[in-house]
Amino acid sequence: MKRLMHWRAPALSLIMFLLFIGIWHAATLPTAAPQNVNDEYARLVGKAAATGQKSSFPAPADVGAKIWQHLKEPFYDRGPNDKGVGIQLAYSLARVLAGYLLAALVAIPVGFLIGMSPTTYRALDPFIQVLKPISPLAWMPLALFTLKDSSVSAVFVIFICSLWPMLINTAFGVASVRREWLNVAKTLEVGPFRKAFRVILPAAAPTIMTGMRISIGIAWLVIVAAEMLVGGTGIGYFVWNEWNNLSITNILTAILAIGLVGMLLDLLLARLTRLVTFPE
Amino acid sequence: MAFENPFDPEVTLGRCSCGRHANQNDHEHAAIQDEEQSTARVIEQAALRALFPEGPTRRAFLRAVGAGTALAAVSSLFPLGAATALAQDTKAPIEKKDVNIGFLPITCATPIVLAAALGFYAKQGLNVSLIKTAGWAVVRDKTLNGEYHASHMLSPMPLAISLGLGSTAAPMLIPAIENVNGNAITLAMHHKDKRDPRQWKGMTFAIPFDYSMHNFLLRHYLVEHDVDPDRDVKLRVMPPPDMVASLRSGNIDGFIVAEPFNQRAVYDNVGFIHMLTSEIWDGHPCCAFAVPEKFARDNPNTFAALFRAIVSAALYARQPQNRANIAQLIAVPNYLNQPVTVVEQVLTGKFADGLGTIRNVPGRIDFDPFPWQSTAVWMMAQLKRWGYLKQDMNFKQVAERVFLATDARKRMAELGYKAPESNYSKHTILGKVFDATRA
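Residue numbers (our numbering), protein chains in the order written: chain V, 1 to 280; chain C, 1001 to 1439.
The hints are simulated quantities; they were obtained by calculation from the structure and are not laboratory data.
This one's a predicted model, so the numbers in the text were calculated from it and none came from an experiment.
Hints may be right or wrong, so weigh each one.
On the chain V side, residues computed to face chain C include the following (Cβ under 10 Å) [said to hold, decoys possible]: (1) Y41; (2) R43; (3) L144; (4) L246; (5) T249.
Result set (DSSO-like, lysine-lysine): computed pairs, CA atoms no more than 30 Å apart in a straight line [what the hints assert, rightly or not]: (6) C:K1096 with C:K1426; (7) C:K1194 with C:K1390; (8) V:K47 with C:K1194; (9) C:K1418 with C:K1396; (10) C:K1234 with C:K1201; (11) C:K1350 with C:K1192; (12) C:K1294 with C:K1097; (13) V:K47 with V:K66; (14) C:K1192 with C:K1123; (15) V:K148 with C:K1294; (16) C:K1426 with C:K1390; (17) C:K1192 with V:K47; (18) C:K1294 with C:K1384; (19) C:K1192 with V:K148; (20) C:K1418 with C:K1384; (21) C:K1390 with C:K1418; (22) V:K148 with C:K1410; (23) V:K47 with C:K1350.
All C-beta atoms in this analysis are idealised placements derived from N, C-alpha and C, irrespective of residue type, glycine included.
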């Protein structure tokens, strides 16, 4: 009985998925219409134009076939503007990780310092509050103008956007370490470094990890938009390139890939969070 | 080179072939320098002679002010440095082999793309990376920040950038035009009875960029039909695929844009081709191959090699019998990423118009590389007419700095092609003659 309960949620998910595909399939069933132009003209235009209809949204089978095609050959490279989805995802991931790690290198130490000193925290707070809600794409023109390099700009945009959640969470986590623990450390005459690494860091770790988890989500959201703008390589460029060809099937494939990678990144961070969580 | 080939009859071991230099390398180096200096001399003489055609006046002027002052004065009027750089010899070594060129995935880019597909860049000793770019503003910014050494641009863009319109000012050059014609006005299907622009009041049209021939031609066409492009219609800047999608969703009523997006709208049954821009001005320039002046000055031989590769590709693309094959080459995902039939209909000029008729217009697009300075004067006049350019200036002077017609003629002759003899021509636009020499 208990094992049956365990399977209930996945089964429900599967049913929902099948229902969604079914509705999609039904909605995109081709309507039979006679060709209303001569054969020579029909050869020059798409199927929809030959039958006098609007070109339709792709059916699930079309998208499935396209995904299969990409899965068969994810790493092909036919020139600088035509690379497989796998390579594009790798480029995006590399940019995200570069920007994200740089942000972590800055945010965690700085967050630590301002978390330990309430005065610094209050002094920096207005700046953080103003910079935090700025849309990543608003940074883009400024980055392009000052850094004069589009791939560095993309990394910078990732950096600046993943910085704030980590910074704020680290500061918050450090500031809200229980007073008793700090008092115990004081009673035992623990040195400041030892206090920071053996008492505060473990205590604040779950909060810091939560900030990092929020940040990776934001970074992954941002990279697609940034790459659509600067082009060249990456999954965002792939989406733009296929939009240029008005290929909805390829865009749906890319959307699915973006979602899956985002989910994997989040799962990874969730696992790491569980590692540092402690029972109180 | 550490060792000379001792069996080379040209080499005098220890000394050079003329005996005046320590070895053959020095001799050749000096010969190249001599050649460069004499080129510079010829150009200075030509410039001086052009300014003072009568010998006595010229000599009197030189005696009065001194040669140095004269050279400085002449240089301020005429960019001698650039002209000298541009006239360098074809055999000289390439300064920069790895060149980044930006392009937009449209048929206007055919010469740039074809030069890569046919290996013309490699034949000139260049290693070119063609980078597909998301829009004209991005192309402009990446060219200005030096990521692109040269780029595909709309032909009014180098004028606008040189003048600092819509960006920081940076002198740009157009060594060659990429394509003439090759654009169209597309309307939504439900407007198929509104073929007279007088019925278009209140409509919204998409244009690809402010500084584009599309914008100027559409405005001119509307004015000639008593429609005020600023008051009676709305013009919105949009990337081409967004135009097709917006036409489908009904956000816009029509657009003017480079191919293959007009043909794509027909292919997807969202619009019909109202008219080709060749019906407004047959032979109008559209896109250009643009190079920052600084890059051309610093790398004159690379610049010359790029010119040869692109003009060879353009002249190859002019041949009607090559067009179907070119469509196959450039429609692939690495370049245009479009259905082959769409690109082929643009290049061959045999196309479905979206209303059930097959039209045959062989001149729908052509690849005449000659950068007519008279067309630049027309563009400047439009910039002024529509308020992009506020101050008065000598249009011809700017046109001659940006559109390198004289240079193109010389280089085309070197490649064995005959270019027009004048830099200015009369152009017929909607039945009226435009004469740049009187503008």
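### Query
For this structure, which hints from the list above don't hold up?
Per hint list: 5, 6, 7, 14, 19, 20, 21, 22 violated.
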